[in-house]
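Enquirer: Here are the chains, one letter per residue:
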Amino acid sequence: GAVVSQHPSRVICKSGTSVKIECRSLDFQATTMFWYRQFPKQSLMLMATSNEGSKATYEQGVEKDKFLINHASLTLSTLTVTSAHPEDSSFYICSAKREGPLNEQFFGPGTRLTVL
Amino acid sequence: QKEVEQDPGPLSVPEGAIVSLNCTYSNSAFQYFMWYRQYSRKGPELLMYTYSSGNKEDGRFTAQVDKSSKYISLFIRDSQPSDSATYLCAVAPYNFNKFYFGSGTKLNVKP
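Protein sequences, first through last, are from chains H and A.
Taking my numbering, the leading residue of the first sequence gets 1, the next gets one more, and so forth.
Taking my numbering, the leading residue of the second sequence gets 1, the next gets one more, and so forth.
Chain H with its partners taken away, still in its complex shape (with noise of 0.2 Å):
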């Protein structure tokens, strides 16, 4: 299957700050990314669906304003977190389409953060 990275894996952080998650196809291009939040035994919400070129469609419930997302290039989308708070602290997990007859999502390994 085709390869999706994410950076950084796990991050810390104080509540306030803003943190930034990338999202990487590696050997595909992607037009179609999604950012889902995981909570402990619980199952992936989606977020938010990021199209390249163009603004992110949020899920109700999403704040905008605090999950900021952007879709820069065909390989890479972006997710900002800003002023976390304890609160935010979660499983983010990224995934991208690739085009094709079986319209595959490939998922990223996720990055843990978590707000102090």
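Hints were generated in silico from the structure; no laboratory data involved.
Here are the simulated BS3-like cross-link-like pairs (lysine-lysine), alpha carbons at most 25 Å apart as the crow flies:
1) A:K98 / H:K66
2) A:K98 / H:K41
3) H:K41 / A:K2
4) A:K98 / A:K67
5) H:K14 / H:K64
6) A:K98 / H:K97
7) A:K56 / A:K106
Model the placement of chain A on the given structure of chain H, informed by the hints.
Expert: Leaving out everything else, chain A in the frame of chain H:
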């Protein structure tokens, strides 16, 4: 009503057992059905992918879709300790614009 319902388990079986994992979904418009495996603190990886109804087999894994009852299953034959993970089902409409995930079933295969 959630789009996809999945029993969270945990499910504990001895090595070599046949494992059956199941999900139900609510919207008959879903056309694509996926199973992902997620190890602890890792991202999900795609295991099986099925379009519409029917069975699909890949090694020890068989995915089954029954659209009439909106029921999807994953069978694992000759289960191994390395199969211990959380298994997530997912469904998507024809245009793949959005995936809906089940809550995941935690499987433990005991040696």
